[in-house]
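Enquirer: Okay, here's what each chain looks like letter by letter:
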Amino acid sequence: MQTTRGGEYMQIRLNGKAYPLAEHTKTLHDLIQQLNIDEEVVIIEQNHQIIDRFRYTDTNVQPGDVVEIVHFVGGG
Amino acid sequence: MLKIGGKTFASRLLLGTGKYPDAETQQQAVEASETNILTFSVRRFDVFAKEQTNPLAALELSRYDLLPNTAGAKTAEEAVRLARLARASGMCDMVKVEVIGCDKTLLPDPIETLRAAEELIKDGFIVLPYTSDDLLLARRLEELGCHAIMPAASPIGSGQGILNPLALSFIIEQMTVPVIIDAGIGSPADAAYAMELGADGVLLNSAVAHANDPVKMAQAMKLAIEAGRLGFEAGRIEKKRYATASSPTTGISRP
Chain E
1399 MQTTRGGEYM QIRLNGKAYP LAEHTKTLHD LIQQLNIDEE VVIIEQNHQI IDRFRYTDTN
1459 VQPGDVVEIV HFVGGG
Chain A
1248 MLKIGGKTFA SRLLLGTGKY PDAETQQQAV EASETNILTF SVRRFDVFAK EQTNPLAALE
1308 LSRYDLLPNT AGAKTAEEAV RLARLARASG MCDMVKVEVI GCDKTLLPDP IETLRAAEEL
1368 IKDGFIVLPY TSDDLLLARR LEELGCHAIM PAASPIGSGQ GILNPLALSF IIEQMTVPVI
1428 IDAGIGSPAD AAYAMELGAD GVLLNSAVAH ANDPVKMAQA MKLAIEAGRL GFEAGRIEKK
1488 RYATASSPTT GISRP
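Listed in order, the protein sequences are those of chains E and A. Under our numbering, the residues of the first sequence are numbered 1399 to 1474, in order. Under our numbering, the residues of the second sequence are numbered 1248 to 1502, in order.
I should point out that these hints are in silico values taken from the structure, not numbers from a laboratory. Incorrect hints may appear among the rest.
Claimed, not checked - List of simulated lysine to aspartate or glutamate pairs, DMTMM-like, C-alpha gap at most 25 Å:
{"#": "1", "chain 1": "A", "residue 1": "Lys1369", "chain 2": "E", "residue 2": "Asp1450"}
{"#": "2", "chain 1": "A", "residue 1": "Lys1250", "chain 2": "A", "residue 2": "Asp1293"}
{"#": "3", "chain 1": "A", "residue 1": "Lys1250", "chain 2": "A", "residue 2": "Asp1460"}
{"#": "4", "chain 1": "E", "residue 1": "Lys1415", "chain 2": "A", "residue 2": "Glu1420"}
{"#": "5", "chain 1": "A", "residue 1": "Lys1351", "chain 2": "A", "residue 2": "Asp1312"}
{"#": "6", "chain 1": "A", "residue 1": "Lys1266", "chain 2": "E", "residue 2": "Asp1436"}
{"#": "7", "chain 1": "A", "residue 1": "Lys1297", "chain 2": "E", "residue 2": "Glu1421"}
{"#": "8", "chain 1": "E", "residue 1": "Lys1424", "chain 2": "A", "residue 2": "Glu1324"}
{"#": "9", "chain 1": "A", "residue 1": "Lys1254", "chain 2": "A", "residue 2": "Asp1293"}
{"#": "10", "chain 1": "A", "residue 1": "Lys1463", "chain 2": "E", "residue 2": "Asp1428"}
{"#": "11", "chain 1": "A", "residue 1": "Lys1321", "chain 2": "A", "residue 2": "Glu1359"}
{"#": "12", "chain 1": "A", "residue 1": "Lys1369", "chain 2": "A", "residue 2": "Asp1356"}
{"#": "13", "chain 1": "A", "residue 1": "Lys1369", "chain 2": "E", "residue 2": "Glu1421"}
{"#": "14", "chain 1": "A", "residue 1": "Lys1297", "chain 2": "A", "residue 2": "Glu1281"}
{"#": "15", "chain 1": "E", "residue 1": "Lys1415", "chain 2": "A", "residue 2": "Glu1298"}
{"#": "16", "chain 1": "A", "residue 1": "Lys1463", "chain 2": "E", "residue 2": "Glu1438"}
{"#": "17", "chain 1": "A", "residue 1": "Lys1297", "chain 2": "E", "residue 2": "Glu1443"}
{"#": "18", "chain 1": "E", "residue 1": "Lys1415", "chain 2": "A", "residue 2": "Asp1356"}
{"#": "19", "chain 1": "A", "residue 1": "Lys1369", "chain 2": "A", "residue 2": "Asp1312"}
{"#": "20", "chain 1": "A", "residue 1": "Lys1250", "chain 2": "A", "residue 2": "Glu1366"}
{"#": "21", "chain 1": "A", "residue 1": "Lys1463", "chain 2": "A", "residue 2": "Glu1325"}
{"#": "22", "chain 1": "A", "residue 1": "Lys1369", "chain 2": "E", "residue 2": "Glu1443"}
{"#": "23", "chain 1": "A", "residue 1": "Lys1321", "chain 2": "E", "residue 2": "Glu1443"}
{"#": "24", "chain 1": "A", "residue 1": "Lys1297", "chain 2": "E", "residue 2": "Asp1436"}
{"#": "25", "chain 1": "A", "residue 1": "Lys1321", "chain 2": "A", "residue 2": "Glu1365"}
{"#": "26", "chain 1": "E", "residue 1": "Lys1415", "chain 2": "A", "residue 2": "Glu1324"}
{"#": "27", "chain 1": "A", "residue 1": "Lys1266", "chain 2": "E", "residue 2": "Glu1438"}
{"#": "28", "chain 1": "A", "residue 1": "Lys1369", "chain 2": "A", "residue 2": "Glu1307"}
{"#": "29", "chain 1": "A", "residue 1": "Lys1297", "chain 2": "E", "residue 2": "Asp1428"}
This one's a predicted model, so the numbers in the text were calculated from it and none came from an experiment.
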């Protein structure tokens, strides 16, 4: 079942797709934990703002947020 | 030594990290090339994959200066965003501005490239734009404050080599900042030729990554670039219509 917070479905748009948040996912740090990502290798943009790495723990994730998680890949 | 934006590099080869058959070959090719500068791209992390993989895991990135590109951008705004995302990694302050204007030829959009370069220079980046071989555009980019100019030899990944040496040499002669021949290099001969024209460096990827033996080709490119540079510094002889004997024409012994 999808969790709600204040009656709203806790859903964000993550890398172009709808993504349901776990109830304990309150911050970007929590989101990274939920996704099981090594935070050293990614860069996060929330609602078109790049978020500094050291601010993940105090940056809240809200329903409806647009989150992009990117990383480096091979290229020329 | 190659100097870009206050940084100094022993190698004049800038190597791309894309399209290698596997991570081990990529790592060995990078090693064999003895490059100091690696290029790469910014893409979505596959957050929905069961197994998370880091495509650059085999490379010890801290040993290199990193040159992220803005490949995928079609507008200045998209390029600026990708550059800022790359810098937010805390691993680099250089950027290869790449704004593609045509999907078939992958030729750069000159207007968007200029706009992106201007914005990124204001934002404190070390800016290396991928550009066509147009001299006037190169001049405009240099006037904006770009730290190097990177004209294409021929279309990206085409391996056609240097199609217009005259246009490239006009750029090389007139720029104060380094000129790095980027895109289209197919063989060591192409890379050596670029350096003999007086280029300050060569950026290539497919020529190594898609070679039958990428590791051997990486070494070949390193040697070709060194040879081409030495040849340029030495100054080649003029071309003449007729032969000039290398051996003395007097004192010839006849029975």
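Enquirer: With reference to the structure, classify each hint as holding or not holding.
Expert: Verification of the hints:
{"no.": "1", "hint": "Lys1369(A) <-> Asp1450(E)", "in the structure": "holds (20 Å)"}
{"no.": "2", "hint": "Lys1250(A) <-> Asp1293(A)", "in the structure": "violated (36 Å)"}
{"no.": "3", "hint": "Lys1250(A) <-> Asp1460(A)", "in the structure": "violated (30 Å)"}
{"no.": "4", "hint": "Lys1415(E) <-> Glu1420(A)", "in the structure": "violated (50 Å)"}
{"no.": "5", "hint": "Lys1351(A) <-> Asp1312(A)", "in the structure": "violated (31 Å)"}
{"no.": "6", "hint": "Lys1266(A) <-> Asp1436(E)", "in the structure": "holds (24 Å)"}
{"no.": "7", "hint": "Lys1297(A) <-> Glu1421(E)", "in the structure": "holds (21 Å)"}
{"no.": "8", "hint": "Lys1424(E) <-> Glu1324(A)", "in the structure": "violated (31 Å)"}
{"no.": "9", "hint": "Lys1254(A) <-> Asp1293(A)", "in the structure": "violated (34 Å)"}
{"no.": "10", "hint": "Lys1463(A) <-> Asp1428(E)", "in the structure": "violated (45 Å)"}
{"no.": "11", "hint": "Lys1321(A) <-> Glu1359(A)", "in the structure": "holds (8 Å)"}
{"no.": "12", "hint": "Lys1369(A) <-> Asp1356(A)", "in the structure": "holds (20 Å)"}
{"no.": "13", "hint": "Lys1369(A) <-> Glu1421(E)", "in the structure": "violated (42 Å)"}
{"no.": "14", "hint": "Lys1297(A) <-> Glu1281(A)", "in the structure": "violated (35 Å)"}
{"no.": "15", "hint": "Lys1415(E) <-> Glu1298(A)", "in the structure": "holds (19 Å)"}
{"no.": "16", "hint": "Lys1463(A) <-> Glu1438(E)", "in the structure": "violated (33 Å)"}
{"no.": "17", "hint": "Lys1297(A) <-> Glu1443(E)", "in the structure": "holds (22 Å)"}
{"no.": "18", "hint": "Lys1415(E) <-> Asp1356(A)", "in the structure": "violated (30 Å)"}
{"no.": "19", "hint": "Lys1369(A) <-> Asp1312(A)", "in the structure": "holds (21 Å)"}
{"no.": "20", "hint": "Lys1250(A) <-> Glu1366(A)", "in the structure": "holds (22 Å)"}
{"no.": "21", "hint": "Lys1463(A) <-> Glu1325(A)", "in the structure": "violated (36 Å)"}
{"no.": "22", "hint": "Lys1369(A) <-> Glu1443(E)", "in the structure": "holds (21 Å)"}
{"no.": "23", "hint": "Lys1321(A) <-> Glu1443(E)", "in the structure": "holds (20 Å)"}
{"no.": "24", "hint": "Lys1297(A) <-> Asp1436(E)", "in the structure": "holds (14 Å)"}
{"no.": "25", "hint": "Lys1321(A) <-> Glu1365(A)", "in the structure": "holds (16 Å)"}
{"no.": "26", "hint": "Lys1415(E) <-> Glu1324(A)", "in the structure": "holds (23 Å)"}
{"no.": "27", "hint": "Lys1266(A) <-> Glu1438(E)", "in the structure": "holds (24 Å)"}
{"no.": "28", "hint": "Lys1369(A) <-> Glu1307(A)", "in the structure": "violated (31 Å)"}
{"no.": "29", "hint": "Lys1297(A) <-> Asp1428(E)", "in the structure": "holds (18 Å)"}
Checked against the numbered hints given earlier, this structure breaks hints 2, 3, 4, 5, 8, 9, 10, 13, 14, 16, 18, 21 and 28; the rest are met.
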